[in-house]
Amino acid sequence: MTYALNASDMARAAGAAGDASAEVRGADSAAAYSALAAGLPGSTTADLSGDLSDAMTTGISGLSDDLASFGENLQRTADDGVAIDEASGGIFNLTRYILTGQ
Amino acid sequence: MITYGDLRRWDAAQLATAGDVFRADLTTLERARDTLETETVPGSWDGLSKKAAEGRRDVLLSRMNAHLEEITDFERIVFAQQAVVARIVEDVAAIDTTAAQQQFEVGSTGTVTDVAPSREFTSIPAAEQYGEERVRLRDALVARIERALDDAFAVDSALVQGRPSCVFNADEPSGIVDPQVEREWSQMSEAERRAAAEAMAEDLAEQLGIEDFEVVIEDLEDKDGDGDDDDPDTNSYGSWNNGDRVLRLDVNDLDDPSVVIDTIAHEMRHADQHQAVDDLNAPWFGQDEDIDLPPGATLDDVRDWDENFDDYIDSDPDFDAYWNQPVEVDARDFGGDYLDDYDVDDLDEHREG
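Same order as they appear, the protein sequences are chains C and V.
Per my numbering, the very first residue in the first sequence carries number 1; after that it's consecutive.
Per my numbering, the very first residue in the second sequence carries number 1; after that it's consecutive.
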């Protein structure tokens, strides 16, 4: 198994996941359910609209949280990758110094 | 339930607004989905951690796609019903105009009252002719009101049946009676309701492979017949007794179709649970694979039910323990799902027997 990671690409990916999370959070359609209730008084649709809206808001919020968490994990992976690169670079320099004295 | 007075306040523009919001949210969600799909796992990344990230991304994509699909479907239904609602609103306005012109008054419940001032006639035939004409005009208005209400209940039914199931959230409203079923049920006599309930139970029994049982509709709140509720703190909707193989329904709930339909399915599921447990314990089966599993159930579920029936918990004194035991959770889910799927075509079929 090979391992390759570009820290700036990973940071961009983490940012994209964060952007997706922020966008999703606003798309819970609560206003749509309110409009349905206002347009159809007396209907079962109107009775249900509050519960539907709440369920959707909860679900969208959970999805947004999971996207944010995904982005945070990507960022952590990027940070860890940089640390590994730096650590491995240090070992490389130390080995070279031991072998060549330079 | 929808009344004629409600229809006077229906507003197609609000459905247009709802459609606009759904479409805008769909665009936003699609954009977020595309970002997630194309920008969150860089091509320069390689290794095990990349595989793990791709797996996580795909799970999120799957949830988003399922949500997008159900909102897209619902938006289409809302869009289709918008035109019907606009027509209903026009019809109601036209009915009210005609009624006023003809000196009738339409009440909020849809009742039509003749408000024409009394008149004098010079002959009995002229009076009779006038009276007949007033009845004809009244009946024509009643028929138009009925049609508007039929259309309105069909709109409501389409929206309720097509509502999003909130794929990523278990808290969606469920166990909802179809508005057309509710309306039709309200117009049925007690004898018709009893007959439909029995046909419903027999239909379900046939689907589930349950034979030799009886439906009894009686007063479950006053079993001793003294005229008082035996236990005012509880409501006995129905029961299944596997010993005498009787499905009992409370006659006091017969006017509520959501309770009747849900209870019948719930109790028939208990019958099916018992049947599966009996199969599990039957010496001649020997092989667990031979058990005819109830819809949606696993062999582990049946084993849980087996243990649960041995230690069944009554609702009194610990209602929560009763409510959360496996056989009740499963029967409740089955009843709610059956009610959610039950539409006016099913009711018509059961009314025919």
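Be a bit skeptical, because a hint or two may be false.
[Said to hold, decoys possible] Covered stretches of chain V (chain C as the covering partner; in silico rule of three or more C-beta atoms under 8 Å from a C-beta of chain C):
1. 44–55
2. 62–73
3. 100–112
4. 147–156
5. 199–206
[Said to hold, decoys possible] Taking beta-carbon pairs under 8 Å as the criterion, some of the chain C residues facing chain V (in silico):
6. LEU5
7. ASP9
8. ALA16
9. VAL24
10. GLY26
11. ALA27
12. ALA31
13. LEU36
14. GLY39
15. SER43
16. THR44
17. LEU52
18. SER53
19. LEU67
20. ALA68
Since the hints were made in silico from the structure, they are not lab data.
All C-beta atoms, glycine included, are put in the ideal place defined by N, C-alpha and C.
Hints versus structure:
Under a criterion of three residues with beta carbons nearer than 8 Å to beta carbons of chain C, the stated coverage of the stretch 44–55 of chain V is upheld, 7 such residues being counted. Counting residues of the stretch 62–73 of chain V whose CB lies closer than 8 Å to any CB of chain C gives 4, which reaches the minimum of 3, so the coverage claim holds. Counting residues of the stretch 100–112 of chain V whose CB lies closer than 8 Å to any CB of chain C gives 0, so the stated coverage by that chain is violated, three being the minimum. Beta-carbon proximity to chain C at under 8 Å applies to 3 residues in the stretch 147–156 of chain V; the threshold of 3 is reached and the given coverage holds.
Coverage of the stretch 199–206 of chain V by chain C is violated in this model, with 0 residues showing a Cβ closer than 8 Å to a Cβ of that chain against a need of three. Interface hint status for LEU5/C: upheld, as the beta-carbon distance to the closest one in chain V is roughly 5 Å, under 8 Å. Checking ASP9/C against chain V: minimum C-beta separation of about 4 Å stays under 8 Å; hint holds. Residue-level restraint check for ALA16/C holds (minimum Cβ-Cβ distance to chain V is 4 Å; threshold 8 Å).
This hint holds: VAL24/C has a C-beta 5 Å from the nearest C-beta of chain V, less than the 8 Å allowed. Of the supplied interface hints, the one on GLY26/C holds, with its beta-carbon coming within about 7 Å of a beta-carbon of chain V, less than 8 Å. Interface hint status for ALA27/C: upheld, as the beta-carbon distance to the closest one in chain V is roughly 4 Å, under 8 Å. About 5 Å separates the beta-carbon of ALA31/C from the nearest beta-carbon of chain V, less than 8 Å, and the hint is met.
Because the smallest distance between the Cβ of LEU36/C and any Cβ of chain V comes to about 5 Å, under 8 Å, the interface hint for this residue holds. A cut of 8 Å between beta carbons decides the hint on GLY39/C: the least distance to chain V is about 3 Å, and the hint holds. A least Cβ separation of about 4 Å between SER43/C and chain V falls short of the 8 Å threshold, and the interface hint therefore holds. This hint holds: THR44/C has a C-beta 5 Å from the nearest C-beta of chain V, less than the 8 Å allowed.
For the restraint placing LEU52/C at the interface with chain V, the shortest Cβ-Cβ distance is roughly 6 Å, inside the 8 Å limit, so the hint holds. Residue-level restraint check for SER53/C is violated (minimum Cβ-Cβ distance to chain V is 10 Å; threshold 8 Å). Satisfaction of the interface hint for LEU67/C is found here, the shortest Cβ-Cβ separation to chain V being roughly 6 Å, below the 8 Å cut-off. The closest approach between the C-beta of ALA68/C and any C-beta of chain V is roughly 11 Å, which is over the 8 Å cut-off, so the hint fails.
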